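Peer 1: Please build the complete structure, drawing on both the sequences and the hints.
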Amino acid sequence: MQRRQSPTPQDDRPILAVSDLHVAYGTITALRGITVRINQGEIVAVVGPNGAGKSTLLSTIAGLVRPRQGQIQYRGHSLVGRSIEDILRGGISLVPEGRHIFSAMTVEENLLLGATIRNDAREIDADIDSLTGRFPILRKRWQQPAGRLSGGEQQQLAIARALLSRPSLLILDEPSLGLAPGIIDEVYRILLEQRSRGTTILVVEQNATRALEAADYTHILSAGAIRLSGTSKQLLENPQFDAAYFGVAPPEGSSDRDHKRHSKLG
Amino acid sequence: MIINVIQNLVDAISVGSLYALTALGIGLIFGVMRLINFAHSELLTLTGYTLLLLNSEPTAVAIIGGVVVAIAIALATERVVFRPLRGADPTTLLIASFALSFFIQKTLALTVGSKTKGIDVLPQLGAQIVIGGVRFQLLKVVTIVVTIVLLGLLSWFLKRTRYGRQMRAAAENFRMAQLLGVRANLVISLAFAISGILAAAVGILFVSQSGFLEPRMGLQLVAIAFVGTVIGGLGSLTGAAVGGFLVGAATVLLQAVLPLGLREFRELFVYLLVVVILLVRPQGLIPAPGLRQRV
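So the sequences go chain by chain: A and B. Mapping to the working numbering: the first sequence position 98 is 98, numbers consecutive. Mapping to the working numbering: the second sequence position 201 is 201, numbers consecutive.
Source of the hints: derived by calculation from the structure; they are not laboratory data. If you're wondering where the values come from, they're calculated on a predicted model, not measured in any experiment. Yeah, the Cβ is synthetic: ideal placement off N, Cα and C, and Gly gets one too. One should not assume that every hint holds.
Heads up, simulated SDA-like pairs for lysine to any residue below, C-alpha to C-alpha not over 25 Å straight-line [stated by the list, open to error]:
1) B:Lys159 x A:Thr132
2) A:Lys140 x B:Thr161
3) B:Lys117 x B:Glu57
4) A:Lys233 x A:Gln194
5) A:Lys140 x B:Lys159
6) B:Lys117 x B:Asn55
7) B:Lys159 x A:Asp125
8) B:Lys159 x A:Pro145
9) A:Lys233 x A:Gly198
10) B:Lys159 x B:Ile148
11) B:Lys159 x A:Ser103
12) B:Lys159 x A:Asp120
13) B:Lys159 x A:Gln144
14) B:Lys117 x B:Phe102
15) B:Lys159 x A:Leu131
16) B:Lys106 x B:Ala72
17) B:Lys159 x A:Gln206
18) B:Lys159 x A:Glu123
19) B:Lys117 x B:Ala60
20) A:Lys233 x A:Gln206
21) B:Lys159 x A:Gln143
22) B:Lys106 x B:Leu94
Which residues of chain B face chain A? A few of them, derived with a C-beta cut under 10 Å, are [said to hold, decoys possible]:
23) Arg165
24) Gln166
25) Glu172
26) Arg175
27) Ala177
28) Gln178
29) Val182
30) Arg183
31) Pro282
Ranges of calculated distance between the beta carbons of each label pair, as one might list FRET restraints [unchecked claim]:
32) A:Gly81 x B:Ala72: 28 to 38 Å
33) B:Phe103 x A:Gln71: 40 to 50 Å
34) A:Glu123 x B:Ala72: 31 to 41 Å
35) A:Glu123 x B:Arg216: 50 to 60 Å
36) A:Thr27 x B:Leu278: 35 to 45 Å
37) A:Arg122 x B:Val5: 49 to 59 Å
38) A:Ala126 x B:Val5: 38 to 48 Å
39) A:Ala121 x B:Ser155: 19 to 29 Å
40) A:Gln144 x B:Thr91: 35 to 45 Å
Peer 2: Laid out in structure tokens, this is it:
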């Protein structure tokens, strides 16, 4: 697959390079040789139908799942076999599917938990101030249990919480799932703004349209393999787009369903 | 008459307090690990035997010794038995906790004997005090005060400190907490240490009250306290404290209220109450948010 130049190249090497990644849950194969490269400052999207293996890819990068084969290089270091905490401390933060905010805890407590790996109390306060400036609704709901927030507000909270670890690479699993179109626009506006602040973003979506609009580069994942890659324009003009997205039936015992059973959060 | 009612109420509150502290210890571990730790009972028992061992020492030394032993045993069982089983099926964890509980009980029986031993801890607390014309045993008042202090401290720890926050997050959604950098080993070890402190408090107060020791003494307390955590709502700490308190208090009140012939069947009525509560509120009185999401 032809790679184009990153819009803001700061480094020759990609910030994240996934190569020939194979992941299986028991006898069920979820990923069959995935190769994805993300350059500094890019938004890269991985789209595909339910069960394609998208969540598995993110879970493997975040250290929740061990690959059977293949490499994940982050800033030139291998992530395979590293602990979840190590990967987070290295600068990769995952916003999982379903947001998983701590519903019984207040908005403030959720945000503070996002800064668990940090010890710079004053800087954390400054970051929280800046984030609540960007997401005013969080300031408004400051002392409310996060479970009372609407879906869109919870997604903002989940993103803000993930940003409090000051990631270089933010990865999001289905951030638009279950949200109204207007709210989805808001979420993507936040992501684009975050990219302009220098954060590299990897986003996984079943809803391809929105992700394609935002992404610099998109991969279509289906049945555990990448079927097509390119810029949004290239993909939308490619007659094989629909075939790549829908054409390949998921294998027996669809991988995503199985993935959820194994690594369900909570 | 009114004096009698007040005395019964104080009795009920003091027994309820002991069960509330026990249920809280069990609830805390269940929260972070989904483990129903029946070996919690052995922490109480071992605290009692430590008091016996240190009987000739000053009271303060005996009490500190009891607390230290309970914390050490709690941490050791976590490290040796439960850590290797982390992430195992809840049933596996439950059975492991039973095995551990029996192992400690039988080891005690083998080394110090299974016969009941008399012990007089804190004899000063046997004194009666008079408040507003009503006589109370000092120990009951102390039990209530200790419980309030421990509940206050635990609540402060969980709500106001960094590690308390991490522990609550881990109890609601362990995986997500880990994704934010919460250290599983640290949070779980802390929970075990706190459960050790709670068990030691109950052990000391219970032994002071009963005046006897036997290897099986903890299990009965824990079995009833466990029922308390269930009616309170498994996984919810407030629920555990409330449920444990209610079960303990109900036992004492029924003893006072039931006609003489029925008193020996009071447990029957307590469990009838438990069944009714669970029929009306299957998730418990105060359901845990994490568990609700899971269903």
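Peer 1: Does each hint fit the structure? Answer for all of them.
Peer 2: Now for the hints, and whether the structure bears them out:
{"no.": "1", "hint": "B:Lys159 x A:Thr132", "verdict": "22 Å, holds"}
{"no.": "2", "hint": "A:Lys140 x B:Thr161", "verdict": "23 Å, holds"}
{"no.": "3", "hint": "B:Lys117 x B:Glu57", "verdict": "18 Å, holds"}
{"no.": "4", "hint": "A:Lys233 x A:Gln194", "verdict": "23 Å, holds"}
{"no.": "5", "hint": "A:Lys140 x B:Lys159", "verdict": "21 Å, holds"}
{"no.": "6", "hint": "B:Lys117 x B:Asn55", "verdict": "13 Å, holds"}
{"no.": "7", "hint": "B:Lys159 x A:Asp125", "verdict": "18 Å, holds"}
{"no.": "8", "hint": "B:Lys159 x A:Pro145", "verdict": "13 Å, holds"}
{"no.": "9", "hint": "A:Lys233 x A:Gly198", "verdict": "23 Å, holds"}
{"no.": "10", "hint": "B:Lys159 x B:Ile148", "verdict": "16 Å, holds"}
{"no.": "11", "hint": "B:Lys159 x A:Ser103", "verdict": "15 Å, holds"}
{"no.": "12", "hint": "B:Lys159 x A:Asp120", "verdict": "20 Å, holds"}
{"no.": "13", "hint": "B:Lys159 x A:Gln144", "verdict": "14 Å, holds"}
{"no.": "14", "hint": "B:Lys117 x B:Phe102", "verdict": "19 Å, holds"}
{"no.": "15", "hint": "B:Lys159 x A:Leu131", "verdict": "23 Å, holds"}
{"no.": "16", "hint": "B:Lys106 x B:Ala72", "verdict": "19 Å, holds"}
{"no.": "17", "hint": "B:Lys159 x A:Gln206", "verdict": "38 Å, violated"}
{"no.": "18", "hint": "B:Lys159 x A:Glu123", "verdict": "22 Å, holds"}
{"no.": "19", "hint": "B:Lys117 x B:Ala60", "verdict": "21 Å, holds"}
{"no.": "20", "hint": "A:Lys233 x A:Gln206", "verdict": "18 Å, holds"}
{"no.": "21", "hint": "B:Lys159 x A:Gln143", "verdict": "13 Å, holds"}
{"no.": "22", "hint": "B:Lys106 x B:Leu94", "verdict": "18 Å, holds"}
{"no.": "23", "hint": "Arg165", "verdict": "6 Å, holds"}
{"no.": "24", "hint": "Gln166", "verdict": "7 Å, holds"}
{"no.": "25", "hint": "Glu172", "verdict": "5 Å, holds"}
{"no.": "26", "hint": "Arg175", "verdict": "4 Å, holds"}
{"no.": "27", "hint": "Ala177", "verdict": "7 Å, holds"}
{"no.": "28", "hint": "Gln178", "verdict": "5 Å, holds"}
{"no.": "29", "hint": "Val182", "verdict": "6 Å, holds"}
{"no.": "30", "hint": "Arg183", "verdict": "7 Å, holds"}
{"no.": "31", "hint": "Pro282", "verdict": "19 Å, violated"}
{"no.": "32", "hint": "A:Gly81 x B:Ala72: 28 to 38 Å", "verdict": "33 Å, holds"}
{"no.": "33", "hint": "B:Phe103 x A:Gln71: 40 to 50 Å", "verdict": "45 Å, holds"}
{"no.": "34", "hint": "A:Glu123 x B:Ala72: 31 to 41 Å", "verdict": "38 Å, holds"}
{"no.": "35", "hint": "A:Glu123 x B:Arg216: 50 to 60 Å", "verdict": "54 Å, holds"}
{"no.": "36", "hint": "A:Thr27 x B:Leu278: 35 to 45 Å", "verdict": "40 Å, holds"}
{"no.": "37", "hint": "A:Arg122 x B:Val5: 49 to 59 Å", "verdict": "56 Å, holds"}
{"no.": "38", "hint": "A:Ala126 x B:Val5: 38 to 48 Å", "verdict": "58 Å, violated"}
{"no.": "39", "hint": "A:Ala121 x B:Ser155: 19 to 29 Å", "verdict": "23 Å, holds"}
{"no.": "40", "hint": "A:Gln144 x B:Thr91: 35 to 45 Å", "verdict": "37 Å, holds"}
When each numbered hint is compared with the structure, violations occur for hints 17, 31 and 38.
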